Each structure stands twice: as structure tokens, then as C-alpha cells.
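Let's have the full structure, built from the sequences with the hints guiding it.
Number of protein chains: 6
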Amino acid sequence: MGKIVTFGEIMLRLAPVGFERFAQAREFGVVYGGGEANVAVSLANYNKEAYFVTKLPKNEIGQCAVNELRKYGVNTNLIVRGGDRVGIYYCEKGASQRPSKVIYDRSHSSIAEAKREDFNWKEIFNGAEWFHFTGITPALSDECAAITLEAVKAAKEAGVTISVDLNYRKKLWSTEKAGKVMGEIVKYCDVVIANEEDAEKVFGIKADETDITGGHLSDEGYKNVAKQLVERFDLKYTAITLRESISASDNGWSAMLYDGKDFFKSRRYDMHIVDRVGGGDSFGAGLIYGLTSGYSNQAALEFAVAASCLKHTIEGDFNLVSIEEVETLAKGDASGRVQR
Amino acid sequence: MGKIVTFGEIMLRLAPVGFERFAQAREFGVVYGGGEANVAVSLANYNKEAYFVTKLPKNEIGQCAVNELRKYGVNTNLIVRGGDRVGIYYCEKGASQRPSKVIYDRSHSSIAEAKREDFNWKEIFNGAEWFHFTGITPALSDECAAITLEAVKAAKEAGVTISVDLNYRKKLWSTEKAGKVMGEIVKYCDVVIANEEDAEKVFGIKADETDITGGHLSDEGYKNVAKQLVERFDLKYTAITLRESISASDNGWSAMLYDGKDFFKSRRYDMHIVDRVGGGDSFGAGLIYGLTSGYSNQAALEFAVAASCLKHTIEGDFNLVSIEEVETLAKGDASGRVQR
Amino acid sequence: MGKIVTFGEIMLRLAPVGFERFAQAREFGVVYGGGEANVAVSLANYNKEAYFVTKLPKNEIGQCAVNELRKYGVNTNLIVRGGDRVGIYYCEKGASQRPSKVIYDRSHSSIAEAKREDFNWKEIFNGAEWFHFTGITPALSDECAAITLEAVKAAKEAGVTISVDLNYRKKLWSTEKAGKVMGEIVKYCDVVIANEEDAEKVFGIKADETDITGGHLSDEGYKNVAKQLVERFDLKYTAITLRESISASDNGWSAMLYDGKDFFKSRRYDMHIVDRVGGGDSFGAGLIYGLTSGYSNQAALEFAVAASCLKHTIEGDFNLVSIEEVETLAKGDASGRVQR
Amino acid sequence: MGKIVTFGEIMLRLAPVGFERFAQAREFGVVYGGGEANVAVSLANYNKEAYFVTKLPKNEIGQCAVNELRKYGVNTNLIVRGGDRVGIYYCEKGASQRPSKVIYDRSHSSIAEAKREDFNWKEIFNGAEWFHFTGITPALSDECAAITLEAVKAAKEAGVTISVDLNYRKKLWSTEKAGKVMGEIVKYCDVVIANEEDAEKVFGIKADETDITGGHLSDEGYKNVAKQLVERFDLKYTAITLRESISASDNGWSAMLYDGKDFFKSRRYDMHIVDRVGGGDSFGAGLIYGLTSGYSNQAALEFAVAASCLKHTIEGDFNLVSIEEVETLAKGDASGRVQR
Amino acid sequence: MGKIVTFGEIMLRLAPVGFERFAQAREFGVVYGGGEANVAVSLANYNKEAYFVTKLPKNEIGQCAVNELRKYGVNTNLIVRGGDRVGIYYCEKGASQRPSKVIYDRSHSSIAEAKREDFNWKEIFNGAEWFHFTGITPALSDECAAITLEAVKAAKEAGVTISVDLNYRKKLWSTEKAGKVMGEIVKYCDVVIANEEDAEKVFGIKADETDITGGHLSDEGYKNVAKQLVERFDLKYTAITLRESISASDNGWSAMLYDGKDFFKSRRYDMHIVDRVGGGDSFGAGLIYGLTSGYSNQAALEFAVAASCLKHTIEGDFNLVSIEEVETLAKGDASGRVQR
Amino acid sequence: MGKIVTFGEIMLRLAPVGFERFAQAREFGVVYGGGEANVAVSLANYNKEAYFVTKLPKNEIGQCAVNELRKYGVNTNLIVRGGDRVGIYYCEKGASQRPSKVIYDRSHSSIAEAKREDFNWKEIFNGAEWFHFTGITPALSDECAAITLEAVKAAKEAGVTISVDLNYRKKLWSTEKAGKVMGEIVKYCDVVIANEEDAEKVFGIKADETDITGGHLSDEGYKNVAKQLVERFDLKYTAITLRESISASDNGWSAMLYDGKDFFKSRRYDMHIVDRVGGGDSFGAGLIYGLTSGYSNQAALEFAVAASCLKHTIEGDFNLVSIEEVETLAKGDASGRVQR
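Chains as they are written, first to last, in the UniProt record's numbering: chain A, 1 to 340; chain B, 1 to 340; chain C, 1 to 340; chain D, 1 to 340; chain E, 1 to 340; chain F, 1 to 340.
Hint data in this document are derived by calculation from the structure and do not stem from the laboratory.
Here the structure is a predicted model, which is why all the values come from computation and not from measurement.
Treat the hints with caution; some may be incorrect.
[Said to hold, decoys possible] Within a straight-line C-alpha distance of at most 25 Å, the following computed DSS-like cross-link-like pairs (lysine-lysine) qualify: (1) LYS115/B x LYS58/B; (2) LYS331/F x LYS101/E; (3) LYS170/F x LYS58/C; (4) LYS3/B x LYS171/A; (5) LYS206/C x LYS156/C; (6) LYS236/E x LYS171/A; (7) LYS101/F x LYS331/D; (8) LYS101/F x LYS170/C; (9) LYS156/F x LYS3/F; (10) LYS265/A x LYS170/A; (11) LYS3/E x LYS58/A; (12) LYS331/A x LYS101/C; (13) LYS3/E x LYS3/B; (14) LYS101/A x LYS171/B; (15) LYS331/A x LYS3/C; (16) LYS331/D x LYS58/B; (17) LYS122/C x LYS3/C; (18) LYS101/D x LYS58/B; (19) LYS58/A x LYS171/E; (20) LYS101/A x LYS58/E; (21) LYS122/F x LYS170/F; (22) LYS58/B x LYS170/D; (23) LYS170/A x LYS58/E; (24) LYS170/E x LYS58/A; (25) LYS331/B x LYS101/E; (26) LYS156/F x LYS101/C; (27) LYS331/F x LYS170/E; (28) LYS115/D x LYS171/B; (29) LYS156/F x LYS331/D.
Quick look at the structure:
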């Protein structure tokens, strides 16, 4: 059992109260989150030795981000302090036909302006078992892309398993640039996690035409995509999350896993949404937990999907659930009966 | 492109937090709203030159109402200041089988006690393109009825298009009195907006018997009502909103438009309700926007219905949405996917 | 028309705001409630002369519990003051697949440590018409079991009708102990209220095998259970509430009543849940109201189910609804239309 | 020990949060209060049998006012229900050099429009020991003045001791009218309570010129005023409260009592103000408590001043303190040390 | 009476609730403010035709800043929309010996990255009477310094009176750079406002040694400084505010004005502080109001000091007071008595 | 530099908002604190390797306490999990003449019912430099007294410096029992911290009569007490905090230190109080910090007093200040000027 290291940005999230629009907000709820930080918190909740690596300014706002991570048991000793600012995202919660709205103000953050010499990956991966990051990190800046490449190389060398959540963000880079940068990085990865659109956006990987019905991919289509990913990058696993966006209040949720040989399909959940930010991250964390804890592939997938289903009922970016709570749902009790 | 003038009452709305009942309330959310003010705010959001005309006391509470209108870009220069009080309505939000509850405390407000000499309609309509009011305004007092009649006459004379939302309120007047007063006023109007009950309550206009199925009007029935309205008052348009009250939390929503020749039927939305007050007003505003912006009749109707669908997801009386957001929904994207 | 006396514990309920988890809570909503206190408040709302009997410490927290009861019109003059503490329960609200979570901290409360001499039942039942308690009260301590037994004996002697809600709580006692203690007490009762599991857990009463379909009891099965209860304890009435736990956000709700001769089945409601704590208590109170107010059996049952359906839309333990509101729903208007 | 009856208006108080100005308020704190209601709550806190008499509408807002009074133990059985509205006052809290601001919206309230036949004073005073009202009540309307006159006559006849707090409010009537109406009513009173300005404003009673130093009355001046009051109306007691308005945040506070023979002067307190509304009422209640509980004149005065000093540290109109807390301060412990 | 134009940055202010430290904050109060925007709001409150010129992004956060200004009557038609972000400052309120703490995150804001071609000063000053800015604006970027220089030249040419508040901010530039840039700009100004340290920090202007007592400047010292400023820049007026920092909760406050001939000294206020941000800006606005409204020099100064004294009692950056309220204080009533 | 170990209880603190009384509270602020936990948080803030030892239940409330400690950097790995409940204290904030009020509900907490075998002190003190506890811990139960005695013996043996804050609590034990138990424990201690009353209450140590003036001890008196303490228990240091309780809002604050040879007296602060709970603990932590960081005795004392002065301006039990902030105040800047 070794360290699980995640690397990326943690941002200050500013959100109007309840269903208020930005124009109505007189106060913003204060939450900290980011793809990889969210994964680290989940893993700490599952009693894994989770480390989050980033760069944060020396001021009080940077310290608040550190404190939130510490509160949930993430080890913050590897965080570099310096630079000018904590990245921000403003997040307005949608309802019914009105979508949630995210405004990013993350340029010039400490991590976006970090330098390669800020991180000593050899030391960081000392005693590590797993390394996880998302496609957001190399998109932050050219230097961040270079740092990420250094990180995966060092991880590979140290025998650390590497997972990446493709997480394409069009505000950060073009599909062309993403494809080029990620193409280089994913070569070193063992596990790729993607939502139903990422593979095409980042790598142009599409299912065969016959696998499309009524505009949507069929299960066969997703298998086809998963297969292409595994083959192109020589992966151990590809996992694809499947979100059905019925409205801002209601979503369907399931996922599939491909281990290069067999396909696994999860249960599907109908979710009333409390907060869907971090839904994908909580899936990734659940999968990492399952794969590092001796679960079968099917069980790891069900754990990951149940975990991320629960995330949608929790405010904030972090998935504050216990192994026990996830297991109860994964094993079939979705009745929501009061636990006394 | 000229001024769009609306005239009526703006009230202080006092509402318990969340789903609290009045008996539980320790604080009241403070919002300002009223049929015509809500329309003015919508139109300002759509970049129209919106004016709201009313009378408000010179004290701080009156000023707060002015400030809220200014905040959203409504021109308040035509508001008369004087009188004793801002009208109030207490509003408790319902859920599931429990209906929302409104208690009015609007008697003796500045506008209810306004005098004809308070308003110089000739000046007010100088440069105006459209005039809108609701059936609530003439119901406030006999003098308000007289003022409204003066207003529509002046608008007619100035060549201003006139729309009225029938908006029958049984706490303010009887159906008999409403019919008599409104019968006189609507003669001057070009567009009548009504919900599924107003036409009968105000004017006794009912559909033919054959148009009723299972207690509800059929589409044919509504067409019949629309036709009668257009014919009786020589209107350019009649629009009817159709609310299906499944519960306090879920409603169906659609509308129809009749231009004296053709009938147009909108899409229908299944809505999870955040706040349904002002739903009808946001429809009226959407319709005025469409009709004054070169939209086709069908497009204007779809814009109006999509706009009011979104209103149901927004707290308060005002429909704080942009043209772009309405268009996205009107054009078919109701998936509620996060806008990043 | 006499006093309706309820006897039990009233606790301080501490609940995170909205859908926050305990780990996120920076403030706890403060509410007071408990099975029998909830019934008393409902009955006071229905203009019954409701008394709540308990023991509360002399400090300010005890006084707060008294104040809340007084606020809603419950007579608190029979409450004994003394002992060390107000029992507490922490209550985290669930959503969708995430269940609500209750943590009890009720040991050593004033009522749990009360003594027989604290209560003079003869005086308490002077002028009383009905006595109600739940299976929680005798479970608090052996002394509480003894006090309850004294109470039912005194009530019987005074000719007071006695109702009990079985309300089995596994954290308080084993099924064995519950069966033994309650078996003695229920002998004195006239009305037993139970949910779909209580009869089996407390008394081992199960329906015949043939009455079970797909793991769930059929209507026939519940009738069978009701019949056994009535026969074993020579009851006037048995009522069984039927909760269908679709998720933490949505439940089905109905109930049945058996008067020793005829079975009555209520309407069934699909509920969006605001707060389901106290749902069963509000049913019991509705039933007592109906049975003491000359309602027919069917009408009393419909009143009870409609009342408890409304409870699910109200924050806190208490069911803050009026007779009129319950009647409107019981008579079929579940449309949730705004009451102006 | 008999009933203590108070009669007047209870209003809904709407107050911005903390030190917000009206223009900044997004929610209003909800509190109920009014001169005589405040006195009733204090007396209930001191375990007196306190009744509050008024008229309130049958709607939920009227019920909220009743509930608040019940919560603190005031008997509300004599409250008449009917009429249109609960009077409102908006209250913005001042600080330092910025004064608090009160905007009244109390016209047309149920009590202001009450009729003489609404109240059966003979029954109301059955078993009563004391009757208290303020100069606000007869100022609400001519009918209210007539009702008050009937009340004092009935009280006199029933042998009930009568106290009045002059409480001149310039927004409600002129000094001329106040003088005329109150002159008639005070004839029946036994105790007059006034602040440093009331006597002159209502009755034109001024101290001799020699008693004024630097614009302020000397102690001798207040004695002179008290003497004139006692003599003109044949009173048992006159009490005068002395507020030194240093700023909106800091006040000095003391009082004097004259029993027709001796003068008593209280300690003086330097107060940091939390909420000064109801300060005078809490003095009146403290005095009534002392005079009905066998205190010496000096002790009753000290109790009244200490009670009202504590009121200034409590949010809302009501003085939520116990006898014990008042006694501790009255006996000299103003150190504010933590009570564990 | 012409336009009063102010130019600078308006920021989003994020502040923990009450006296919470950053590390404790779970929500941030949302307020918008900035030196010149604060002045514009004050002037709009005083019924001046106030315009605020800046650049704000086209997103919702930029719109929120516009809305806040509109709410208080500032004309926002001259605001340029574009660029990336709204500048932010985090503001933690101090108390007693603990100072308030401000963390700036204002780099790369739309105004800091604005270009000269964004502003057409000739049009902006069309019909203008007065132009005001602070030393913060030219400190935002070299381009902002250039824009400001263009602005003062254009204002001069248009015959507009120009005032500047020196407002030295060490986080934005060095004293050397400030001196050089401001030296060029102030040449065009008519009125300089400064606090007790600005003149030395920006221009190295110190009082003669003999004017210093116990480390503090004497009145003579400030006169000496004012004289030097007027002489060096050929000013009409110099005003100096004098803050005595007793603690974070208590300050003394006064000011002096020099018109090139006579010195005027204001009253001095002892203030309990609610929020001291914007204190200096409210002084500047008060002075501009006085000087543009025919006040005598002494009266203008007293108005400015009274206005800014009141600002310290108001939450947020904006000074939400009326002319009447300022006049009442300036004329000597600092008693804080309730205004009913 | 070794571990600093503290041992005691951490409680859930439930506090009404602002200056609300318990009877008004609709929510309780949630904070965790306790004498020794407060010290641990301070030391973690000062970058010391702080450990807190206690026993907490395995439920979510216990976890919340752990999370709060982790958030501020305290090492929680030595906390034992088990038992039934987290102790609670209710805390109502006083103002002016109204004292704060604390109601304890701490009996039967996990730590109060802990057993000696729960703690392996030898391991706990492995690598430790300092051990701190207060007189509250042995007062929790006889077993806690025994555990504390084991702890000090183990600490002594391990060469760890031991400090104790006498902290007498009359609700937990009598002065007689305290004297007996503490007399045994303090023998092993090196540093005793006490407030102005503790020494007499716990050990009956009084100053000579001649050292009392006007009811208060003179400086000489405190020296006398300190000397007796040092002599009786062979201490390295005694520190005495001196609180002057002017009112609940204002206190004077200073302290003295005696090292067996010289007396040191600190500066004195006039404090406006935000929250005084934890004031003494923050002094202890400051003193430990100074004494373990090479400060002179006078400097350590000044650091401790400045730190605790700042604590009074911070909400909650924890003193959330940095070394830098304390140093700034200790070195004389109490002006509260904004830190930008």
C-alpha cells in the first residue's frame, strides 16, 4: 500500500446561494475544488494515503485551500507555496431547463505559472503506488504541459501506475493542441478515464457509423471507442462514463470499463441532482480505489459508479462519502431509507 | 425602436426562507415585484428601452423598489413619488401536495390611492412604441380604473400598441365589476394575454361545450376562446398560457397564439419549479419582445414560452435571463448541461 | 371534549443546513421534536386541547423545548422540570440515492432518568379523553417502561381511550425486550398504529406466506397482520402506514385502517420530500383527530393520510397544517395551485 | 395574585440584518413587538399571569404574532381576531453617529380599526390585579381612544391598579390632541411612566427655569416635573426614565421614582447597545413587577432600571431575561463575567 | 449643473461574515467597490449626475458590477465592456487590536489591461462639470497611467474641474514611480485630496521639523504640507484627512481644507467602526458635493467630514447616506437618537 | 524540536447567532473546542508539531472534531476512537452588562468514560518535548484523574517538560477534591498557569492580607501567590493572567510570569471582545511557544499576552493567528490599521 499522488489545480469556487443567479447573489458560498484535488479527497475518505501536489500562493487564500484538503485527510506536505493567486471559478447552479453556468477566472494562478523546477518528481513518487491527473493540468500552460510530461516519465520510471481523466476543456485549449500534447503524455499512462465526448474531442476517436442510433452512441459504439483507446495507447484499462442529461435537475448515470479483453457495464442510476460538479472525478477516485483494493473489475466499476452517483447528492466539489455508504448503494440499496 | 411603457403596482414581497411555513419564519426574503414591473425588467434584460410607471412613497422602502428596478436597467424616471406605503404581499412557497400561499396587504398603497392628475400620459407616451398593463391595475381602486382608461386612450391617440394581461384577481374585485371595467378598457387594446381561466372569469367567454373533454378544454376549446376575444375586442393578437398543475413542485407549461387568422401552438415543457410567481408576466414580456423584434408569430410564441419556462427556475418575481439563454431553450436544448 | 394527553420525550434536533453533510456543517438548524410531542402539536393545530407530558431540565435548553410547544398551542403545564439534559438527535438530510442519517445522543436525558414518582397519572388524566404514546417511551429505560405501564393502567381506569404507535427503534432495545414490555402495555390500549415493519419486529406478527408477492406484503397481507393485532390485544382499531421508499427524495404514501370488522384503504400519494421526520406521527395525530371528531372511519383515515402527506413537505418534526389545508387535500385537490 | 392585563398593538417588525441600511437589505429579520406586548412578555418572564389584549387578523401573519406571545408564556385567549392587517414597522439599526431609523406602516391595522364592541372590559378585568397601556394605543384612532377610555373606567370600577406609559409619538397625533385625549384618560390612572420629554409634549408640564443647566434638566427639574404630574392626576407613582444619548452605540441609562412623598434615584448604567427598541417598555414591566411583588420603592426602581439596562443588550422588542438575571445586575454585578 | 465623471477600477470585494477570519469563512459577502466608483455612488446619492468610467468584462460578474452602480443611480452608459476579468480584493474585518486585512487579486483585470483607444475622452467630458480619479488608477498599469494623463489633458481642455485623491498603494507601485507619474498628472488638477501620509509618500513633501510633536504632525505641520502641495501644483484646494487609529474598532476622524489663502479645520468625530473601507472616498465625494453646490469652504469641509464619519457606520464600500442625514450630523446632532 | 502533546477533551460548542439568547436561537453555530485542543491549534499555527490526545466516538460528530483539528494542522493520529458521545457546551454570547452564559452537557462523553488502557503514554511521549493539559481533564472523572496522573509520570520519565493550566471548574468538582487530585498531579509539573482566582480555589493559596487593595490583589499580591506556587511544587515557572471584567464587551488584559527568581509584568490591553472563550488557553499556548522557541522570559510573556489579546477578537475557541501577527502586536502596534 503506497502513496497515491494526484497533481493539478485546486481552485476557489464561488457560488450563489441555492438557485440564485449571479445577478442576485449577495454572498458566495466558498468551496475549494479541482479535478485531481477532488480525487485526492475521495481517496483519503477511503482511507488511502492520498497526496495532492500543486502550487499555491503564500497568502491566506492559498492557506484556506490547504486547510480544506487537510480537513479531509489529504496529505498536503508536497504542495509548493508561491506565485500570485488562487484560480477561481464562479458557479451558478441550474435547475430544470436552466443549465448550470461556470465562469472561469483561473489564468495566472500559481499553478498555471509554476515552473518545472518547482517539482522534484523523483522525491514525490518515492513510495508511491499510483499517479493520477486530468487533461486539465497540461492545458493550464505550456509549462504545465511540460511538467506533466516530466511527471508521467518519472512515474513510469518509478513503477507507479498512471491514470488520466481526459477531461477536455475548450476554454483552455483547442482540440488540436489537446490532441498533440495529450498524445505525448497518454503514452505513459495505464488507465484512461473519459466521458462520452472526450475521446473524440481530444483524439478524434469515433465509433464506427453503424454504432450510432438516433444521434447517440450505442453500447457497441462505446466499446469500439474503448477498444481504439486501449490499442492506440497500450492501456490496461479504459473507463467511459455515460451521462444522460435529462435536465439540470435530473440525470441518468452509468459507466463501462474495458480491460483490453472484456467489457463491463455498470448499473444505471436515475439521479435528482444536488450538485453535479466533481461527478466525473468521484468516478475516477472510486475506480482507483477499487483497482488498488483487490476488487474484481465489475465490482470496481460498480463501486466507482455508485460513488459518483452519491457525489451528485452532495454540495461542493468533494465526494464526502465513506466506503460503507458506497458499498451499500453498489450492492443495491437505493431506497434512501433513513439510517438511524 | 421606442420606449416600452408598463404601468401598475410594484410590491414588497416578503417570503419565508426555502420551504418554511409562515409560522416558522424568522426572516423574510425581500424581493420587489408586480405584474407590470416584472414585464419591464424582462424587457430591460432583452435590451429594450423599458419604463415602469407607478406611484411610490418618498420613504426608503419606496426607494428600495426604485433601486431594484434601476439595478436591472428599467428606467424609473417616470415614477411618481408620494402617498403612504408600498403594497406588500407575503408569499409562502409550496412543495409537492402543499400549495404556495399568498397573503396580500396591498390596500392603501401609494398607487392604489393615486389620482388621475399624478400622471401626464401624453408626456409619458412621448416616443413610446408599446404600452403594457394587467387587469390588476384597474382593480386596485376606482381611481386606478379611471387612470388606466385615460392611459389606454392616450396610448391609442399616440399610436402606441397596447397589450393587456387579463390577470383576474378575485381578492380585488368581483367578476361582474372586472367585466364591466375591463370591457371598457380592452376596447383600446391590441393584444390580450390570458391564462386558461381569465377569459371566462373576466368576460364570461367560454368555449363551446363540444370542446371540453374530461373537465379540461381541448386545444379546439382554447382556439374558440381566442377567436371570441379577438372578435369581441377587434384585437391583433390573443395569447393563452396553459398551465398543468401536477403539484406545487411540477407543472406542465405551454401556450397558444392567435393572430385573427392562424393559430400557433408552442412546445410544452415539464418543469421542476423553483419559483412560479411571475411566470405569466415573463410570458407576456417574451411575447412583446418577439412581436417588437421582427420574430415570426411562431418564433415569438416559442420565445415567450421558453422565457417563461426559465422563469420558473429563478427565485423572485423577475425573470433574469438573457435573449441568448431563451433562444437556446426555444431552439430545443433543454438538457441542462453545464455551460462552461 | 376533553384533554388529549401525550407522553414521551422531546429532543433537540440538530441538523446541517439544506443537503450539507455533517462534515460540512458550520451551523445546525435548531428544532425540537419527538414522537408524542409531534402528535401534541398536530392536535393543538387542529384546535384540540393537547397536553404533552415529559420531564425536562430546568436550564435554558429545557425551556426552549417548552417554548416551542407553547408557541404552537400545546399545554405544557404538566411537564415536570428536573434532571440533567435534553436528549439530542443529529439529523442529516438525504437526497436521491443518499439516505438521511440520524445519530442519537439521547441517553441520560431527563425523561430517560425520570422516576415513577415524577408523574401523578391520576391528576394528569383528570378530564382527559384520549392518551397517546409511542413504543419509544418505554424503550428509554426500565423506569420509563414502568412509568408507561402505570400510565396506561391509570388511563384505563379513568376511562380514557389509549392509542400507541409501535415505533420500534433498534438502537434502544432488542426485539425480544420490546416484545415483552410492549406485550404487557398494549393490553391496555384501544388503538395500535404501526408501519409496515413494526408488528413483526415488536410482536413477531407476520402475514401468511400466501400474502407475500415479490418480497412485499400484498394488501391481503396487511389485513392479515391488522387482524392478528386486533385479535391478540382486543383493539378497537389498528392502522398501518405504507411507505414506498423510491429514493430519499421521493416516496409513495398510503395507509389502511381496520376496525375489527371492516378494512379501509386510503388514497395513495406520490410525494417529493422536504422533510420526512415526523411523517408517522402526523398520521397518528390525524387519525386521533378524526376519531375524536365524529369522522367516519374512511374519512378519518383519509384525513390522517392527507395530513401526513403534507407533513413530508414541511421542515422540522412538527406538522404545521390547519384542518382546512388537510381537508382540501383529503378531498382531492393535490394540484398545488397557488392559494391567493 | 391576579391577572396583569396589557392592551395595545403588536406589530410585525421588519429589520435589515446587522448594520445594513434599508437599501442593502435582502432579507428582513422578523420580530413582533409593541409597547404593551413587550410589557406582557416581560411580566410572563417574571412568572406573572400576563394577558395581552388586542385585535389581530385571522390570517397567518396574525397567528404568528399570537404564536410569539404564547411562546414566551403570555396568555392570548383575550385577543380578538378580525380586521385586515397586522401593523408593520421597518427598523434599521444605527451605529455610532448614525441613528436608528423607524418607518411606520401601521395605519388600517386590525387594532387601529377595532370597534368598542370588540372588547368586553368587564370580563377582561375579571380577576385582574393591574392594567397597563401606553399613550400609543389611544393615538391609533379616535375609536381606540374611546376604547381606552372605556377600559380605564372599567378597570377603575373593578378596583384594578392602572399604569400608563405616556410614550408620545408625533407621527400618530399632535401634542394638542394627545394632551386632550390623555388628559381625560390619565385621570383614571394610578401610575404614570414617562421619559424625559413626554410630560412636556403631552401635558406641557415643564420644570421651573432654575432647574435647567446647560440645556438639560437637573435632578431637581425632574422632581419638579414628577411632582406636577402626581398632583395634577392624583397619582400613586410617577416614574421618569433618563436616557443620555451619547451615540447610537452608547447610552447612559437611569430613572427616578416619586411616590407623592419621596424621591428615589436609581443607579446609572453605561450601556453598549445591541437593540434599544423596547427599552422603555422593559422599564415599565420591571416597575410593575416590583410594585406587585412586595419590593420596596427603591428596590422596585432598581429592578426596573436593571431590567431595562439588560433589554438594551437583547435583539428584538422583547426583554428576554429572568428575575434572577435582573436581580444579579440590580445588586451590583455588572462585570459581565461568563456564567458557567 | 453638469455631469460629474469619475474614472477607475471597480472590484469585486469578497469578505468573510462578521468578524470571521479567512480561515473560517464558508461564505463571502459580495460587494463591489473601488475608490472612484465609491465617489460616484455618493454623488448619485446626493442627486448629482454621476458617471463612472471603467472597463469591465462582458460576463455576468462584470454585469453585476454594472448593476450595483445602476442600483444606486450611477450612470453606467460610458463603461466599456471587454477584457478578461473583474479585479478582486479579499477583505477580512478587524476588531480591537486585530487589524483588517486586505488581499488584492486585481492584476490582469479588464481595466488594468485597457488600452488608450478604449476611451474617447472628448465625448466623455461632453457636458461635464467635474472629473475625479485617484492615484490608484494610473498605478494599475503603464497604459492606465497613459490613459489617465490623456483624461486630465482632455478634461483641462474641456474646462472641467479636476480632483485627485492621491491614495498611495505600495502594492501597486514604488514611491519613486508614483512620484514621477503623479507629478505629471497632478499638474492638470485643481483639487488634491490626501490622507496624512500620501503627500510624503508620493511627492516627498514633508512638514518642517518644528511642526512635529511626539512623532505626529501638528496642525501647523499639516498646513505646511497643504501649502507646499498647492504651491507646487498651482491648486485651488488641498484637503487632508486625519485619521487617528486608536484600534480597529475605534478611530478619530477629522480633516482640513486649504484654499490657497485660508485654512479650515473640521469638527472631530470619535467613531465606532462598522466598516472603514471607502472612508476616504466618501470624504472626497462630500467635498466635491459641497464645492459644486455653493457651500462655503467651511460648510463643504464639514459636510465632507460628516459624510465620511457616517460611512464608517455602513457596511460595504459605498456611502449610502442622504444629504439630509449628512446635514443633520454636520450641524451637530451626533446623539444617534432613533429617527421615527 | 519535538512533539508538543496536549491531552484533554474537545467538545462540540453550540452557540446562538450574534447576540441572540438561547430562547431566540433558530440555529446554533457549530464550533469545536476545549482547553487543550485550543492550545494544540495555537501551537500548530505557530508551526509547532502539535499533537492532541483524547477519545472521541466513531460516529460522524467525532469525526467532525477530528477534521477541525486536522484543518488547522494538529496531528490527530494519537486520538483514540470509541465511546458514546462528544461532549457539548451551549454558549450564549453576552454584551455590555449581560454576561455570557455557558451550559455544559459533557457528562458521559467518550473521554469522560475513557479507561487507562486506552492510552499508551510511553508511545505517546516518544519524541515529545512538551506536555500540556489543564485542570479540567482530571476533573472529568476519577478515571480521567488516574489517566492524567499516569500521563504526567510517563512524561516526567521521558524527560518531557510539563505545563498545566489550573482552570478550576466548579461544575466538575469541589475545591476540596480539586486540591487533593491536582496536588498529586502538579508535583510532576514544571510550569503552572493560572488566572487570578485559580490558585486560591484549587490550592487555597492566598496572598498576604497587606497585598489586597479595594478588594483586588495588588501586583505584590500576585507575586506572593506565584512565589507560593513555585515553592510548593518546585516549578520552573508560574504565570498568572489578569482579567479586568469591565463588562461583557470590554475587558482589561495582562499577565505576569515568575521564574523562581524574577517577576515579569506584561503590557496591558484594553479589549473590545468578539469572543472571549479560549482566552486563557491562547495565553498558555503563546507561553509554551515562547519558552520552546528561545524567547527571553519577558518576550515569551509579551508574546503570550499579545496572542491572547488577539484571541478575544476571534470567533470560536481557537486562536487563529500567525506568529507574525502576534509579534506585530507584542512589539507595540495596536493601532488596528488596515493591512493591505
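How the hints compare with the structure:
Straight-line distance between C-alpha atoms of LYS115/B and LYS58/B comes to about 16 Å, which keeps the hinted pair within the 25 Å bound. Between LYS331/F and LYS101/E, the direct Cα distance comes to roughly 19 Å. Compliance with the 25 Å bound is thereby established for this hinted pair. At most 25 Å may separate the alpha-carbon atoms for a hinted pair to count; LYS170/F and LYS58/C meet this at roughly 18 Å. Between the alpha carbons of LYS3/B and LYS171/A the distance comes to roughly 38 Å, so the proposed pair goes past 25 Å and is violated.
Of the pairs offered as hints, the one joining LYS206/C and LYS156/C is violated, with about 28 Å between alpha carbons and a cut-off of 25 Å exceeded. About 51 Å separates the Cα atoms of LYS236/E and LYS171/A, which puts this hinted pair outside 25 Å; it is violated. With a C-alpha separation of about 19 Å, the suggested pair LYS101/F and LYS331/D falls inside the 25 Å cut-off, and the hint holds. Of the supplied pair hints, the one linking LYS101/F and LYS170/C is violated, its CA atoms being roughly 37 Å apart against a limit of 25 Å.
Using a Cα cut-off of 25 Å, the hinted pair LYS156/F and LYS3/F holds, with the two alpha carbons roughly 15 Å apart. Restraint check for LYS265/A and LYS170/A: the C-alpha separation of about 29 Å exceeds 25 Å, so the hint is violated. Note on LYS3/E and LYS58/A: the hinted pairing is violated, with a Cα-Cα distance of about 44 Å set against a maximum of 25 Å. The straight-line distance between the Cα atoms of LYS331/A and LYS101/C is roughly 19 Å, inside the 25 Å bound, and the hint therefore holds.
For the hint pairing LYS3/E with LYS3/B, the CA-to-CA distance comes to about 24 Å; that is within 25 Å, so the pair holds. The suggested pairing of LYS101/A with LYS171/B is violated, with an alpha-carbon distance near 40 Å, which exceeds 25 Å. Under the criterion of a C-alpha separation no larger than 25 Å, the hint pairing LYS331/A with LYS3/C is inconsistent with the structure, at around 49 Å. Our distance criterion of 25 Å between C-alpha atoms is broken by LYS331/D and LYS58/B, whose separation comes to about 48 Å.
Taken as a hint, the LYS122/C and LYS3/C pair is honoured in the structure, with Cα atoms around 13 Å apart against an allowance of 25 Å. At most 25 Å may separate the alpha-carbon atoms for a hinted pair to count; LYS101/D and LYS58/B meet this at roughly 15 Å. Between LYS58/A and LYS171/E, the direct Cα distance comes to roughly 16 Å. Compliance with the 25 Å bound is thereby established for this hinted pair. Restraint check for LYS101/A and LYS58/E: satisfied, since their Cα atoms lie roughly 15 Å apart, inside the 25 Å limit.
With a CA separation close to 32 Å, the supplied pair LYS122/F and LYS170/F exceeds the 25 Å bound. Of the pairs offered as hints, the one joining LYS58/B and LYS170/D holds, with about 19 Å between alpha carbons and a cut-off of 25 Å not exceeded. Straight-line distance between C-alpha atoms of LYS170/A and LYS58/E comes to about 19 Å, which keeps the hinted pair within the 25 Å bound. For a cut-off of 25 Å, the pair hint linking LYS170/E to LYS58/A stands: about 19 Å separates their Cα positions.
Taking the CA atoms of LYS331/B and LYS101/E, the gap is near 49 Å; set against the 25 Å cutoff, the hint is violated. Only pairs whose Cα atoms come within 25 Å are accepted, and LYS156/F paired with LYS101/C is rejected, the gap being roughly 45 Å. Straight-line distance between C-alpha atoms of LYS331/F and LYS170/E comes to about 23 Å, which keeps the hinted pair within the 25 Å bound. At roughly 24 Å between alpha-carbon atoms, LYS115/D and LYS171/B fall within 25 Å of each other, so this suggested pair holds.
Taken as a hint, the LYS156/F and LYS331/D pair is broken in the structure, with Cα atoms around 48 Å apart against an allowance of 25 Å.
Of the numbered hints given earlier, the model fails hints 4, 5, 6, 8, 10, 11, 14, 15, 16, 21, 25, 26, 29; all others are met.
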